[in-house]
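Engineer: Work out the full structure, taking the sequences as your base and the hints as a guide.
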Amino acid sequence: MEREAICPVCGKPFIADRISQKYCSAVCRRYAYRHRHEDETPPSQQAAGKTLRTFRCLRCGKLVVVKHRADKRRKFCSPHCERLYWKHSKNVKSQTVQNTFHCRNCGVLVDIRDAKDKRTAFCSADCRKRWFSLHRRHRNQT
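Counting in the numbering used here, the sequence shown runs from 4 upward without gaps.
The set of hints was computed from the structure by calculation and includes no laboratory data. A portion of the hints provided could be inaccurate.
[Unchecked claim] Only pairs whose alpha carbons sit at most 27 Å apart, straight line, appear in this in silico DSSO-like list of lysine-lysine:
1) Lys75 x Lys132
2) Lys70 x Lys53
3) Lys78 x Lys90
4) Lys15 x Lys53
5) Lys132 x Lys119
6) Lys70 x Lys119
7) Lys25 x Lys65
8) Lys78 x Lys121
9) Lys75 x Lys25
10) Lys90 x Lys75
11) Lys65 x Lys75
12) Lys121 x Lys90
13) Lys70 x Lys121
14) Lys119 x Lys75
15) Lys121 x Lys53
16) Lys53 x Lys75
Structural biologist: Right, here's the structure in full:
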C-alpha cells in the first residue's frame, strides 16, 4: 500500500511503502532515533513557539529553552548530563537554579534560586492550604 507522507525530520514529501513508515530514508530514521531525547527539534518542526521557561544545565551550563508543556526538564539538558552530574557531583561546582512563578492563591511573584526548593505553584504552605480548601468547597457544591 503506497501513500504520500511527509518526513518529520527533513520535511520532504515521500511515497511510503508501508503504513508504518514514518521517515523518507534510513538517514532520517537514524537521526530521529539518536536525537529523540535531545532539546533540539528537527529542522522541519522548528517554530517560534511560546517559551515556557529557560534554565542553564547544572552539568554543562548549556542554556535550555523549554517550549512544550510535556517537557518536564528543570535542571539538566539531557539524561546523559543528569547521570554524569549525580555520578560525579563532588567534582562539579553547583550552579544556581532559577525558577519564577506567580502564586496561584495570592498572585505574588516567587523567585526560587535554591535547587532543593520544590515549590512550583504556591508561595507558602499556608497559601497552598487556603487555595485547596477554597477549591474543595466549590467542587463539592456543584
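Engineer: Hint by hint, work out which the structure violates, then give me just those numbers in ascending order.
Structural biologist: Those not satisfied come down to hint 7.
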